[in-house]
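So the sequences go chain by chain: W and Y.
Under numbering that gives the first Met the number 0, think of the first position of the first sequence as 0, with each following residue one higher.
Under numbering that gives the first Met the number 0, think of the first position of the second sequence as 0, with each following residue one higher.
Because the hints were derived from the structure by calculation, they are not lab data.
Any given hint could turn out to be false.
Since copy identity is lost for identical chains, a pair holds within one copy or between any two.
25 Å max Cα-Cα, derived SDA-like pairs, lysine to any residue [as the list claims (entries may be wrong)]:
id : residue 1 : residue 2
1  : Lys188    : Thr119
2  : Lys81     : Glu185
3  : Lys219    : Gly299
4  : Lys276    : Ser59
5  : Lys153    : Val169
6  : Lys276    : Ser240
7  : Lys219    : Val50
8  : Lys198    : Ala73
9  : Lys173    : Gln56
10 : Lys304    : Gln220
11 : Lys198    : Asp149
12 : Lys276    : Pro257
13 : Lys219    : Phe11
14 : Lys81     : Gly122
15 : Lys276    : Leu261
16 : Lys188    : Gly299
17 : Lys194    : Met69
2 protein chains.
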Amino acid sequence: MKIALDAMGGDFAPASTVAGAIEALKTYDDIEIIFVGDQARIEQELTGLNVPAALSQRTSIYHCTQVVDMGDSAIDAVRRKKDSSISRACDLLADGGAEALVSAGHTGAFVAAAKVKLRTLPGVDRPGIASVMPTETNLFLLMDAGANVDSEPKHLLQFGIMGSVYAREVMGRKNPRVGLMNIGTEASKGNELTKEAYKELSRAQINFIGNVEGHDLFNKQIDVVVCDGFVGNVILKTSESLAGGIFSWLRRELTSNPIRRLGALLAKEAFYAIRRKTNTEEYGGMPLLGVNGICIKAHGNSSPKAIKNAIRVAREAVAHQVNPHIVEEIARHEEMLAAAAAVPSSTQEVHAP
Amino acid sequence: MKIALDAMGGDFAPASTVAGAIEALKTYDDIEIIFVGDQARIEQELTGLNVPAALSQRTSIYHCTQVVDMGDSAIDAVRRKKDSSISRACDLLADGGAEALVSAGHTGAFVAAAKVKLRTLPGVDRPGIASVMPTETNLFLLMDAGANVDSEPKHLLQFGIMGSVYAREVMGRKNPRVGLMNIGTEASKGNELTKEAYKELSRAQINFIGNVEGHDLFNKQIDVVVCDGFVGNVILKTSESLAGGIFSWLRRELTSNPIRRLGALLAKEAFYAIRRKTNTEEYGGMPLLGVNGICIKAHGNSSPKAIKNAIRVAREAVAHQVNPHIVEEIARHEEMLAAAAAVPSSTQEVHAP
Numbered sequence: 000m001k002i003a004l005d006a007m008g009g010d011f012a013p014a015s016t017v018a019g020a021i022e023a024l025k026t027y028d029d030i031e032i033i034f035v036g037d038q039a040r041i042e043q044e045l046t047g048l049n050v051p052a053a054l055s056q057r058t059s060i061y062h063c064t065q066v067v068d069m070g071d072s073a074i075d076a077v078r079r080k081k082d083s084s085i086s087r088a089c090d091l092l093a094d095g096g097a098e099a100l101v102s103a104g105h106t107g108a109f110v111a112a113a114k115v116k117l118r119t120l121p122g123v124d125r126p127g128i129a130s131v132m133p134t135e136t137n138l139f140l141l142m143d144a145g146a147n148v149d150s151e152p153k154h155l156l157q158f159g160i161m162g163s164v165y166a167r168e169v170m171g172r173k174n175p176r177v178g179l180m181n182i183g184t185e186a187s188k189g190n191e192l193t194k195e196a197y198k199e200l201s202r203a204q205i206n207f208i209g210n211v212e213g214h215d216l217f218n219k220q221i222d223v224v225v226c227d228g229f230v231g232n233v234i235l236k237t238s239e240s241l242a243g244g245i246f247s248w249l250r251r252e253l254t255s256n257p258i259r260r261l262g263a264l265l266a267k268e269a270f271y272a273i274r275r276k277t278n279t280e281e282y283g284g285m286p287l288l289g290v291n292g293i294c295i296k297a298h299g300n301s302s303p304k305a306i307k308n309a310i311r312v313a314r315e316a317v318a319h320q321v322n323p324h325i326v327e328e329i330a331r332h333e334e335m336l337a338a339a340a341a342v343p344s345s346t347q348e349v350h351a352p
Numbered sequence: 000m001k002i003a004l005d006a007m008g009g010d011f012a013p014a015s016t017v018a019g020a021i022e023a024l025k026t027y028d029d030i031e032i033i034f035v036g037d038q039a040r041i042e043q044e045l046t047g048l049n050v051p052a053a054l055s056q057r058t059s060i061y062h063c064t065q066v067v068d069m070g071d072s073a074i075d076a077v078r079r080k081k082d083s084s085i086s087r088a089c090d091l092l093a094d095g096g097a098e099a100l101v102s103a104g105h106t107g108a109f110v111a112a113a114k115v116k117l118r119t120l121p122g123v124d125r126p127g128i129a130s131v132m133p134t135e136t137n138l139f140l141l142m143d144a145g146a147n148v149d150s151e152p153k154h155l156l157q158f159g160i161m162g163s164v165y166a167r168e169v170m171g172r173k174n175p176r177v178g179l180m181n182i183g184t185e186a187s188k189g190n191e192l193t194k195e196a197y198k199e200l201s202r203a204q205i206n207f208i209g210n211v212e213g214h215d216l217f218n219k220q221i222d223v224v225v226c227d228g229f230v231g232n233v234i235l236k237t238s239e240s241l242a243g244g245i246f247s248w249l250r251r252e253l254t255s256n257p258i259r260r261l262g263a264l265l266a267k268e269a270f271y272a273i274r275r276k277t278n279t280e281e282y283g284g285m286p287l288l289g290v291n292g293i294c295i296k297a298h299g300n301s302s303p304k305a306i307k308n309a310i311r312v313a314r315e316a317v318a319h320q321v322n323p324h325i326v327e328e329i330a331r332h333e334e335m336l337a338a339a340a341a342v343p344s345s346t347q348e349v350h351a352p
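From just these sequences and the hints, can you work out the full model?
In structure tokens:
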């Protein structure tokens, strides 16, 4: 299985991308990595890591000359930097040279390049980023976590269908519970976007459980949380920041005197258990659902471990092939709408007096 | 100082509102409480609490017959339930019968009643709810935390000015640092609303520090975070839910075996220190800034302690009287804009070639 890695994307690239890929190659013996980026810099990293021949045989380099900077606008990046690592990685995927791609670079450029080079799936207007979020007893999928800044109700509907398919096919949830992120539980609550999206999601052939609020995210059984990319990105980053903040605060309080330090030592496994499960490095990869190809977004600040886990997510996505299921479910929904529209309205309203 | 309390508002009203008010009367000897609501039920609660005569002398009841339910639409509630406890509490404030009001009831009805009965301050288009949020080293003000569902750039500008005044006058911050909640740090990032709001905030005579992201909230020194009410409400509820979730999770992990239990016992003060500071009951009151009167919103699920603290916030607000400062700052901003518009553009662009 060939996976294209945007070797130049991310705050610590190419050091962390190359090191993460080597870790992935050690763990998963059915993958090959194509490093996309500056050949000299990638080779330098590989040399520094003393990669054994058995692993380096499963690597190759696709040289390109440009890198998208965090300050670049997304569209400009795709239009002007045609030889950038993210554009070239998308080209590889589009040409069949790789089965999946992983990037920790500029989110906007990643989404724009994927849309332009791979196109969206039939029936999908906009792709969305699906982020796995941990809770005490569950993992839920947050979608869209930041692929789009302004969304319409039909986009939220499609995020709901795509998220439901991913939760079922990849996360193994039977009949996934899909909630709409809102600020009130009643159907009448929310802004113009969520009120309309509520109606659209209610008609979809998914297990729509209605509105969910911030209160519900970490203490209610939800499989997919649908929201626009602005709200999703705020939830994702706020949650990470708050969880990190609480643990840093705990560390300070727990080391402030010898008795607390002893207590913390005795209880340390409790902290490790939670830290492990809330560690974003473990959930390194967020699939961009709705494009015609398997594209996995890793965090900008990805460590080698996070890159390795993003590659794991790419590998799982190749194994599960959710895209045909997404196309099928979206088509089924459109057929249902068309059939409903074809029925005379008197028949539809048979239950109304 | 007379404070009107919506005795019927909140999940546990009137039990928790009456009990919280009595606690406040014990602590603050300069306040009087006017219970607004069903006289018989309020008297029943007071009887049950065996309130000493010295305290009950400082209470009175303003009887009314209706209560806004959580299922009511905000506007309907104000139009149709004219004798509801929240409407009558606003009437009292408008007529000078009270100096501040506190309600733990329906947020939408609270905001609508305040707008209709008290009107907004001169120059303010929409009021916003300001919520104090705790971090490891700081408290910041989140505004708007949910008074509005759809906002325009000028509303966000006004939230920034009002939040800055409150942070300065009530929280004692010199030159408060005001950030715009966004999903990217550059001025070009975000959705249509935040891009325009960025421009407006940049021109305001406040200490605007630019965009802030979810990452920054709990680890950067920020005094005021400006956002629309939908996003603010999501941040508020998600943060509370996540913090609560982590502590519940910690409790489970720390009690799962005898060694961890011993460790937790030795370190318990560390947990208490954090729990105290993140306990929403401590920040029981969120001022609705921008209306012509002092209106404090308490959480729907307020305990007596949270009600007591909301009354404390009302008392502080009466002491600080931020409204004249808000009117002054908004007027100053409008004068500045008018003056800039009056200057011929050639003079303004003197530095451009």
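Of all the hints given earlier, name the ones this structure violates by number, lowest first. 4, 7, 9, 10, 14
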